[in-house]
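Chain residues, written in single-letter form:
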Amino acid sequence: MPRTKKQTYQTRRRFNAGFAGTLLAAGIAPFNVGRAQGAALKVGVLLPRSGYQAGIGQDCQRGVDIATGVLKDLGLPSLQFINADTESNVDVARSRAEQLIGGGAQLLVGAFDSGQSSAIAQVAEQKGIPFVINIAAAPPITEQGYKFVFRNFPTAPMILRDAFIDQKEIFAAVGAAPKSVVFLAENDTFGVAMQKAIPGVLPKFDMPYTILDTISYDPTARDLSVEVSRAKATGAEALLVVSRLNDAILLTRELIKQRWTPVMILSMGPGWYEDQYLKTLGKFSDGPLSFAPWYDPNKKLSKALDAALAKVHPGVNLNTNHVYTFEALLTAADAYKRAGSSNPQALADAIRATNITDNSSIGPGIQFDAKGQNDKILGGGIQNRNGKLVTVAPGAASNGKPEWPLTPYNKRA
Amino acid sequence: MIVRLIAGVPGRGLALLGALLAALTAAPLFASDYLLTVLILILYFAYIGQAWNIMMGFAGQLSLGHALYVGLGAYTAAALFVHFGIGPWLGLAAAVPAAALIGAFIGFLAFRFRVAGVYFAILTIAFAEFARLGFDHLSWTGGSGGLFLPVSQFTHNDLWRLRGHPVMFYYILLAATALAFLICRALLQSRVGYFWRAIREDEEVARSTGIDTFHYKMIAVVISAAMTSFAGVMHAFYYNNLFPEQVFHILRSIEIILGPIVGGVGTLFGPILGAFVLTGLAETLTAALAALGIDLPGAKQVFYGICLLLVVTALPEGIWPWLSRRIGLAEKSQ
Amino acid sequence: MAGLVPAIRVLRIEKTRDQAVPADIYLNVAVGGVLTGLVYGLMALGLSVIFGVVRVVNFAHGEMMTLAMYIAITLFTAFHLDPLVMLVPIASVMFVFGYVLQVRLINPFITRPDYMQFLLLVAVAIIIVNGLLIAFGPDVKSVQVSYAFDSFQVGPLIIDATKLYAAVAAIVVSAALFAFFRYTRHGTAIRACADNYTGALVVGLDVKQFYALTFGLGAACVGAAGVMLLLIVDVTPALGPAYTLLAFVIVITGGLGSMPGALLGGVLIGLTEAMAGLLFTPSAKSMFAFAILVLVLLLRPEGIMGKRAA
Chain C
121 MPRTKKQTYQ
131 TRRRFNAGFA
141 GTLLAAGIAP
151 FNVGRAQGAA
161 LKVGVLLPRS
171 GYQAGIGQDC
181 QRGVDIATGV
191 LKDLGLPSLQ
201 FINADTESNV
211 DVARSRAEQL
221 IGGGAQLLVG
231 AFDSGQSSAI
241 AQVAEQKGIP
251 FVINIAAAPP
261 ITEQGYKFVF
271 RNFPTAPMIL
281 RDAFIDQKEI
291 FAAVGAAPKS
301 VVFLAENDTF
311 GVAMQKAIPG
321 VLPKFDMPYT
331 ILDTISYDPT
341 ARDLSVEVSR
351 AKATGAEALL
361 VVSRLNDAIL
371 LTRELIKQRW
381 TPVMILSMGP
391 GWYEDQYLKT
401 LGKFSDGPLS
411 FAPWYDPNKK
421 LSKALDAALA
431 KVHPGVNLNT
441 NHVYTFEALL
451 TAADAYKRAG
461 SSNPQALADA
471 IRATNITDNS
481 SIGPGIQFDA
491 KGQNDKILGG
501 GIQNRNGKLV
511 TVAPGAASNG
521 KPEWPLTPYN
531 KRA
Chain L
90 MIVRLIAGVP
100 GRGLALLGAL
110 LAALTAAPLF
120 ASDYLLTVLI
130 LILYFAYIGQ
140 AWNIMMGFAG
150 QLSLGHALYV
160 GLGAYTAAAL
170 FVHFGIGPWL
180 GLAAAVPAAA
190 LIGAFIGFLA
200 FRFRVAGVYF
210 AILTIAFAEF
220 ARLGFDHLSW
230 TGGSGGLFLP
240 VSQFTHNDLW
250 RLRGHPVMFY
260 YILLAATALA
270 FLICRALLQS
280 RVGYFWRAIR
290 EDEEVARSTG
300 IDTFHYKMIA
310 VVISAAMTSF
320 AGVMHAFYYN
330 NLFPEQVFHI
340 LRSIEIILGP
350 IVGGVGTLFG
360 PILGAFVLTG
370 LAETLTAALA
380 ALGIDLPGAK
390 QVFYGICLLL
400 VVTALPEGIW
410 PWLSRRIGLA
420 EKSQ
Chain A
2 MAGLVPAIRV
12 LRIEKTRDQA
22 VPADIYLNVA
32 VGGVLTGLVY
42 GLMALGLSVI
52 FGVVRVVNFA
62 HGEMMTLAMY
72 IAITLFTAFH
82 LDPLVMLVPI
92 ASVMFVFGYV
102 LQVRLINPFI
112 TRPDYMQFLL
122 LVAVAIIIVN
132 GLLIAFGPDV
142 KSVQVSYAFD
152 SFQVGPLIID
162 ATKLYAAVAA
172 IVVSAALFAF
182 FRYTRHGTAI
192 RACADNYTGA
202 LVVGLDVKQF
212 YALTFGLGAA
222 CVGAAGVMLL
232 LIVDVTPALG
242 PAYTLLAFVI
252 VITGGLGSMP
262 GALLGGVLIG
272 LTEAMAGLLF
282 TPSAKSMFAF
292 AILVLVLLLR
302 PEGIMGKRAA
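Chains as they are written, first to last, in this note's numbering: chain C, 121 to 533; chain L, 90 to 423; chain A, 2 to 311.
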């Protein structure tokens, strides 16, 4: 028996109403921006907490987890965090940013990935909401003339420059230097940025080694035996590498299996100092030198962060992800205190005038130039030692002496 | 011609369609910026879904590498803008032919060599992957480091260079989706559409009745590729950054086809409905989980997958055929 | 106009070589490629069986393998059993999983269009990947066996121990599967269902049951491959999709429905990628695998060892 007209009409109406209602609830949220000072600043934290960047996103989250307590101890106003997942996807990143701002976020922090950060930056700039980038190394983001976007993280050329400076410092300290290196670089945003920057930066530093070969590999590679074979075949003394965690573990395993211990492994990026690397490889993880944005272990705030992290996530070493994510929040809280209001323009102006010398990362502190970039950050040199990380460069920020060369893998009991 | 287009459509259907169009046109006046962003995504997927539907729903060729055309359109227009300052509308003049050419190439190879069904689908995946890896090494477009478009200002809407408020993109995509809808309708009613449906039903029989199946399949592929590349150009200027890993990735291709399949392959309204349902579902799930205070990364995707599973097992033809029957709009000819 | 200058040296897949590569490197790389290829072949074998018989496009293939790898890791952390020892139990668990999946979910889809099967399995894949993310977190996990870093030296040849063991296990499992299909009644019945669906029905075979059996076998295969692969790679939830794609490339290259073809395809792809990585830029080595795929699809769609459709 065919449906009557009345039944059909009611079904359709219910469907339409329900659908519209859902969209309404999701979209047109009331603005409830708290303007009174004293109220916690609403900070939207955008990180890739699922998808292929989930590991790093969730690690950055740890920096957020320890923030509340540490900020309170510093006497800074409290922040209310609204966590959002960018799902490692630029569409989602943009929607989440819009949703956060629509839901009353007064400041955004994030988003680790350069592409997603760039999309969020456009939204933030358009809405006039300050956006403090925790980690993203692609130079173009702060070259767009934005007034509301700030990056407290070095660009790839800066990371490279400091890597070379620190390397020379270490060579001088140990009285030895490799004469030749082979450069293994992953073919993704960060790796390519580093590969591109080298020809411009290297000549200025008069490094004692020549790069015999550049081997670019697929970051999702399941097997790096060919790459290591090629590297070994060049006869280079040391390995210069830009990689991530997965590749670092794979490369090390291959080095051991192919019976090649370079004089030293010089890593200019993440991976070789991460907890997973140390835990997975055990005694085989000792020795590599990593040059990356890092914290100054001698600074008071670093020690506070270390203690806070040990309480909330015991067994996890303090690293770049935690420190820089925290510093983004520190910048926000500090600006909020100085601005005295949550008005976005006031916040942005306050951020631009930031000058935090009691920070955690290496360098004179957190300050931003006219483009919103902190160009004073210095990179550090870290060495793996017995499952812990020792900062060996620059001298002023170090808490240990570098060990040279690498103990051959086949001699490690 | 308009009479021909609307012939056979029940008056109620036209009224509903008109109401939807009116609502969407007026939406930016009432919607929050967040809702606007969601609607832009919906229209984007609705548009590409229709383009894909031409190839699959009408001509029966399963393409699992449609992100290739999006990427080609995006990169062509973006590269011209970055290196030569050529605006997007002129860039289209290069992007669309480029995508159409590649589509024709793939179609030629596939159809000449009688590659069909799942094999054709995998061929399309292979080409998309090829493009992804190729662009990863193409330094002129930034390689895997990405191509960033210069973002200048937001104070006024520069329609020529597509710099300005997102609402500009909203209306462009709305117009594109509506136009695509009309084009699909016109195509279906034409001789080409008639032959396509014959090919889709049974290619052997179609060929034996004298239809030049190669010719018509090629038309489907070329039109589909060309239309898709327009969305790619919009994508490039909306996000202002392109990475081969993101743009050509197989997950993108999968995203594109979820809408039409869920909505109803081969139907006119299916891709549009599918885009609304899926994007709406995704955003609703995120909002619901947040409201419940569940902070578990991956939970939303699990629910999303379960919903997909339920829809596809319960409604094997897609939502629109079922829905249109329920609301009494089912076309007599289907 | 400045943009045109870099365009001239546009594609960076040139040979990046200044000095000659010693011959033993080629040998090492080739051997490594073959061994890895054998494990890939086993993974693809499962897909070949499923696709060849049940004719379902299993787009959750890599995800099923990831699931098996996580089961192996859980058992390893709990009981410290070597993955190769756990091979049979885990494969059995995956068999049940595949069987149930086929009976409960996939069966109605066999007669439905390809894109519907595709969507179903994509949904399954999404659920598995994100379920694993929730259960295990995003961090990389691995098994640390005592022989993880061993290698055998035969003259200039250095052979990775774990790869060798995994490859040998792959050959053993493949042989077992091959024997099953050749010499057992069930195996013959399954082959009958694959060759001629209607004929199988006519002679009274319970095709539905055999389909479920086949899917279970395919799942067991890919589970076994996953456990072996665990010796070589580390697992994260997002590992699956790349392997699904790889499995399809291998199956089509080697030949649908041909078991030796899957192994051969695996070896071919493994070898090609290895040599391409040696001779050209390693980051582009997958392009060669796809190039081979395209050539096979165009010129010999039944694959190297497949039978041409009647």
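These are calculated hints, taken from the structure and not from any lab test.
Just so you know, these numbers come straight off a predicted model, no measurement behind them.
C-beta atoms are modelled at their ideal positions from N, C-alpha and C, and glycine is treated no differently.
Check each hint, because a few of them may be wrong.
Here's a subset of chain L near chain A, in silico, CB distances under 7 Å, partners left out [stated by the list, open to error]:
| # | residue |
| --- | --- |
| 1 | Val204 |
| 2 | Ile261 |
| 3 | Ile343 |
| 4 | Ile383 |
| 5 | Leu385 |
| 6 | Gly394 |
Checklist line | When the least beta-carbon distance from Ile261(L) to chain A is tested against 7 Å, hint result | finding: Violated - the Cβ of Ile261(L) stays beyond 7 Å from chain A, reaching only about 27 Å at its closest.
Notebook entry, point to check: Given Ile343(L) was flagged as interface, is its beta-carbon under 7 Å from a beta-carbon of chain A?
Noted result: 6 Å, holds
Item checked: chain A contact restraint for Gly394(L) - C-beta distance below 7 Å -> OK, holds: Gly394(L) within 7 Å of chain A, min 4 Å.
Check: Regarding the hint that Leu385(L) lies at the interface with chain A, is the smallest CB-CB distance below 7 Å?
Finding: This hint holds: Leu385(L) lies near chain A, its Cβ roughly 6 Å from the closest one there, short of 7 Å.
Notebook entry, point to check: Hey, does the Ile383(L) contact hint survive, CB to chain A under 7 Å?
Noted result: Violated. Min distance 11 Å.
Check: With 7 Å as the cut and Cβ atoms as the points, is Val204(L) at the interface with chain A?
Finding: This hint holds: Val204(L) lies near chain A, its Cβ roughly 5 Å from the closest one there, short of 7 Å.
In summary, the structure is inconsistent with hints 2, 4 from the numbered list given earlier, while agreeing with the others.
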